[in-house]
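Next come the chains, spelled out residue by residue.
2 protein chains.
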Amino acid sequence: MKGMVEESATVQTTGRTARCIARCRELAACTDVPGETTRTFLSPSMHRAHALLTEWMCAVGMTVWVDAAGNLRGLFGTADAPRLLIGSHLDTIANAGAFDGVLGVVLGVALVEEVAAASAALPFAIEVVGFSEEEGVRFAKPFLGSLALVGELDAATLARTDRNGVRVEAAIREFGLDPTELPAAVVSDSAFVYLEFHIEQGPVLESEARALGVVDAIAGQTRMTLDFIGQANHAGTTPMGHLRRDALAAAAQWVVEVERYANECDGLVATVGKVETGTGAGNVIAAEFIATLDVRHARDEARKVAVAHYLEYAETAGAARGVSLSATTQLDQPAVPMDATLTELLGEAKLRATGGPAHTMSSGAGHDAMIVARRLPSTMLFLRSPGGLSHHPDETVLPGDVEAALKTGVEFLRRLRDDSATLARLIANASARRKKERHA
Amino acid sequence: MKGMVEESATVQTTGRTARCIARCRELAACTDVPGETTRTFLSPSMHRAHALLTEWMCAVGMTVWVDAAGNLRGLFGTADAPRLLIGSHLDTIANAGAFDGVLGVVLGVALVEEVAAASAALPFAIEVVGFSEEEGVRFAKPFLGSLALVGELDAATLARTDRNGVRVEAAIREFGLDPTELPAAVVSDSAFVYLEFHIEQGPVLESEARALGVVDAIAGQTRMTLDFIGQANHAGTTPMGHLRRDALAAAAQWVVEVERYANECDGLVATVGKVETGTGAGNVIAAEFIATLDVRHARDEARKVAVAHYLEYAETAGAARGVSLSATTQLDQPAVPMDATLTELLGEAKLRATGGPAHTMSSGAGHDAMIVARRLPSTMLFLRSPGGLSHHPDETVLPGDVEAALKTGVEFLRRLRDDSATLARLIANASARRKKERHA
Numbered sequence: 000m001k002g003m004v005e006e007s008a009t010v011q012t013t014g015r016t017a018r019c020i021a022r023c024r025e026l027a028a029c030t031d032v033p034g035e036t037t038r039t040f041l042s043p044s045m046h047r048a049h050a051l052l053t054e055w056m057c058a059v060g061m062t063v064w065v066d067a068a069g070n071l072r073g074l075f076g077t078a079d080a081p082r083l084l085i086g087s088h089l090d091t092i093a094n095a096g097a098f099d100g101v102l103g104v105v106l107g108v109a110l111v112e113e114v115a116a117a118s119a120a121l122p123f124a125i126e127v128v129g130f131s132e133e134e135g136v137r138f139a140k141p142f143l144g145s146l147a148l149v150g151e152l153d154a155a156t157l158a159r160t161d162r163n164g165v166r167v168e169a170a171i172r173e174f175g176l177d178p179t180e181l182p183a184a185v186v187s188d189s190a191f192v193y194l195e196f197h198i199e200q201g202p203v204l205e206s207e208a209r210a211l212g213v214v215d216a217i218a219g220q221t222r223m224t225l226d227f228i229g230q231a232n233h234a235g236t237t238p239m240g241h242l243r244r245d246a247l248a249a250a251a252q253w254v255v256e257v258e259r260y261a262n263e264c265d266g267l268v269a270t271v272g273k274v275e276t277g278t279g280a281g282n283v284i285a286a287e288f289i290a291t292l293d294v295r296h297a298r299d300e301a302r303k304v305a306v307a308h309y310l311e312y313a314e315t316a317g318a319a320r321g322v323s324l325s326a327t328t329q330l331d332q333p334a335v336p337m338d339a340t341l342t343e344l345l346g347e348a349k350l351r352a353t354g355g356p357a358h359t360m361s362s363g364a365g366h367d368a369m370i371v372a373r374r375l376p377s378t379m380l381f382l383r384s385p386g387g388l389s390h391h392p393d394e395t396v397l398p399g400d401v402e403a404a405l406k407t408g409v410e411f412l413r414r415l416r417d418d419s420a421t422l423a424r425l426i427a428n429a430s431a432r433r434k435k436e437r438h439a
Numbered sequence: 000m001k002g003m004v005e006e007s008a009t010v011q012t013t014g015r016t017a018r019c020i021a022r023c024r025e026l027a028a029c030t031d032v033p034g035e036t037t038r039t040f041l042s043p044s045m046h047r048a049h050a051l052l053t054e055w056m057c058a059v060g061m062t063v064w065v066d067a068a069g070n071l072r073g074l075f076g077t078a079d080a081p082r083l084l085i086g087s088h089l090d091t092i093a094n095a096g097a098f099d100g101v102l103g104v105v106l107g108v109a110l111v112e113e114v115a116a117a118s119a120a121l122p123f124a125i126e127v128v129g130f131s132e133e134e135g136v137r138f139a140k141p142f143l144g145s146l147a148l149v150g151e152l153d154a155a156t157l158a159r160t161d162r163n164g165v166r167v168e169a170a171i172r173e174f175g176l177d178p179t180e181l182p183a184a185v186v187s188d189s190a191f192v193y194l195e196f197h198i199e200q201g202p203v204l205e206s207e208a209r210a211l212g213v214v215d216a217i218a219g220q221t222r223m224t225l226d227f228i229g230q231a232n233h234a235g236t237t238p239m240g241h242l243r244r245d246a247l248a249a250a251a252q253w254v255v256e257v258e259r260y261a262n263e264c265d266g267l268v269a270t271v272g273k274v275e276t277g278t279g280a281g282n283v284i285a286a287e288f289i290a291t292l293d294v295r296h297a298r299d300e301a302r303k304v305a306v307a308h309y310l311e312y313a314e315t316a317g318a319a320r321g322v323s324l325s326a327t328t329q330l331d332q333p334a335v336p337m338d339a340t341l342t343e344l345l346g347e348a349k350l351r352a353t354g355g356p357a358h359t360m361s362s363g364a365g366h367d368a369m370i371v372a373r374r375l376p377s378t379m380l381f382l383r384s385p386g387g388l389s390h391h392p393d394e395t396v397l398p399g400d401v402e403a404a405l406k407t408g409v410e411f412l413r414r415l416r417d418d419s420a421t422l423a424r425l426i427a428n429a430s431a432r433r434k435k436e437r438h439a
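Protein chains in written order, with numbering that gives the first Met the number 0: chain E, 0 to 439; chain A, 0 to 439.
The hints are simulated quantities; they were obtained by calculation from the structure and are not laboratory data. It cannot be assumed that every hint is accurate.
As the list claims (entries may be wrong) - Here are the simulated distance ranges between beta carbons:
no., chain 1, residue 1, chain 2, residue 2, range
1, A, R162, E, A208, 57 to 65 Å
2, A, D265, E, H391, 49 to 57 Å
3, A, K303, E, R162, 49 to 57 Å
Just so it is clear, CB atoms sit at the ideal spot from N, CA and C, and this is done for glycine as well.
Make the full structure from the sequences, and use the hints.
Structural data, given as structure tokens:
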């Protein structure tokens with residue numbers, strides 16, 4: 000591959016890298032299900048994860064608390080200082096790996112440790128946030144932790160129930176927290192920036208032999224279900240052509256087009272992931288074909304054009320076979336751009352820290368940064384996922400990549416510290432935004 | 000449509016047609032499940048169907064018996080005369096229509112009534128057979144009745160069990176028959192021809208505005224399952240192209256080719272009727288796609304070439320995406336040509352009876368004639384299926400078409416009677432075949 004940069008080889012790992020990885024593994028042992036890593040929102044094992052992180056945070060002199068949404072929060076510096084947030088999530092899917100989410104929190108603590116060990120103090124405080132919920136497992140809705148941080152955990156969400164009929168509010172109480180204190184979970188007005196480290200959860204960095212990627216946007220998503228309705232007929236006695244109304248054949252033509260169009264549209268990913276033919280049988284022409292459609296792009300316009308094309312194509316492929324179409328949209332989520340200033344700063348920090356230029360990429364998956372960006376200028380740094388693997392017990396990270404991320408984080412803080420004009424502008428912007436929000 | 004022939008309008012229906020249809024409806028009331036027509040192999044309601052047919056057969060002077068396989072058999076004429084068989088099946092699928100199978104038996108009785116009413120005797124006997132089993136519902140294997148008639152009901156089949164664990168042998172005993180007498184169920188050596196009337200169970204005749212079709216072959220069938228194996232990956236974080244191993248996209252390209260190739264290959268029908276993506280999810284690239292394939296053609300060579308092409312194409316579509324393929328064949332059943340002499344004779348009879356030329360077609364579905372043809376020269380006449388509907392309570396026939404079929408049957412018998420050279424040749428051929436079989 001042209002311009003490939005073998006980055007991991009250039010980075011020497013250190014004791015702090017080994018400690019970060021060991022901490023992730025230690026947190027992975029906090030599980031609701033012995034023998035695997037399953038740690039859902041406000042479950043018993045989350046107490047143990049909090050206890051470990053609290054210990055590490057306190058050891059470096061941070062003030063630690065758990066907000067009413069179950070987010071673990073540690074402050075390094077004074078409460079009234081401008082505050083830089085570093086966070087990610089502590090919950091996992093069922094039978095998860097050890098790094099998805101957790102690594103970003105552990106790296107936040109490690110950065111505080113670096114700062115504490117350094118001679119020069121920072122002109123801002125650092126708050127490390129371990130979000131209580133991002134995966135959406137327990138209440139079939141993701142981002143509960145970061146939604147609380149931005150003050151958007153609404154009544155409808157609090158009224159949701161898990162599979163045991165426990166409401167979010169009750170889960171909060173069972174965990175020992177008070178849902179009436181949720182307003183106090185909203186991030187401090189003094190916060191001015193959010194930074195998140197996360198594993199890529201995809202194969203791109205690895206395929207390009209890169210350790211890190213600076214995220215410039217989180218892709219928007221459309222999720223739909225398309226229902227092709229044809230007519231069941233005998234597979235043997237119904238000749239080919241106009242006497243068939245084959246829902247499956249129509250849908251197959253459409254699936255091919257979903258792939259073909261996405262292949263030719265830069266940055267677009269489009270996937271038909273799950274299909275079914277209902278009560279179909281091998282010797283019966285399919286009367287129905289239900290298919291999911293997942294379309295993502297960092298630019299909403301490109302995504303919308305793609306979705307419109309796909310729907311039109313599905314109609315056409317259906318009409319050619321007397322097959323009708325009904326489509327429902329489950330999700331239409333706009334893209335979330337990361338803050339341009341921060342993304343540039345992070346790229347420069349990455350170059351300075353590792354000697355290699357920053358690779359900028361969009362995130363095809365949602366992250367807490369997507370929610371926090373509603374309130375704070377945000378940026379993300381991806382670490383390569385070996386084998387592209389995530390949401391799997393074998394999910395891992397390369398020590399060299401963790402070291403590179405740490406170095407990039409240290410450099411990012413240093414540049415913020417040293418570039419007082421940029422820092423002042425970011426703080427002023429955040430303050431102006433707060434004022435504007437209050438008047439809105 | 001060019002050359003369309005509106006046939007039904009040219010045929011005046013008569014009392015005998017109304018009686019045939021009424022008899023089918025009366026038989027449809029013999030059911031194991033009140034409120035619908037469900038009459039499986041050797042079930043209690045089959046006794047009632049036998050009783051009705053026996054009454055009609057005896058009334059016209061036929062000798063009636065039930066063989067050890069549960070086939071109802073009625074002989075008109077002397078036992079030692081050359082014997083022409085007319086038959087179809089008396090069992091049904093669950094919640095069936097009133098004509099599939101039954102109509103062929105009722106028309107056989109009606110033809111005997113015509114012969115009995117006519118002044119001139121025939122130089123051969125007529126045996127009407129109501130096969131006990133064709134649909135394969137009770138023992139998940141079709142054609143048990145006709146297999147007994149040709150002496151191919153083997154030990155493995157007799158050992159099969161239904162969903163209640165009842166073996167075929169026990170079912171025979173429960174019905175009041177003796178399985179040790181199965182050898183006597185084999186058709187008489189004096190039989191020389193088999194004729195079957197059946198509804199088309201497809202839309203072809205209706206689409207061409209034809210009442211009847213002469214069947215020249217029963218299509219061969221291949222039934223397979225194709226398993227496309229790709230790799231599950233995140234639909235959002237895995238870019239299009241070589242990092243995806245999308246089993247569903249590969250399979251979709253293949254499904255499109257299955258249809259395209261069949262559209263261009265005269266007489267071929269190919270259907271992917273049932274598919275599944277296993278544990279797939281909308282936001283995960285499909286790791287697996289399992290699809291059925293059903294391919295039929297009246298010429299085995301054309302079917303084999305098609306199947307080979309489909310497998311090769313599936314491999315290619317998979318290889319382009321890193322998707323592997325495993326295929327298993329469930330059925331590879333050769334085509335069964337109908338007897339050319341009889342088919343021609345039936346076509347001439349049809350022309351004489353209705354004034355319209357015979358439309359020759361192959362049958363995409365299996366029929367008892369396919370089994371009986373192993374032993375006797377056989378031919379079939381299809382009656383148009385309004386709406387292409389069968390295996391459905393709304394399945395029906397047009398009275399004009401039934402009348403046309405009856406007239407064609409009468410004319411067929413008359414031509415056999417009058418064309419003594421052809422009759423003698425058919426009888427001699429059958430006799431020679433018996434001898435050859437005994438020496439084999």
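Hint check results:
1. Range check, R162 of chain A to A208 of chain E: about 59 Å between beta-carbon atoms, so the 57 to 65 Å window is met.
2. About 50 Å separates the C-beta atoms of D265 of chain A and H391 of chain E, a value consistent with the hinted range of 49 to 57 Å.
3. Taken as a hint, the range 49 to 57 Å holds for the pair K303 of chain A and R162 of chain E, whose Cβ atoms sit roughly 52 Å apart.
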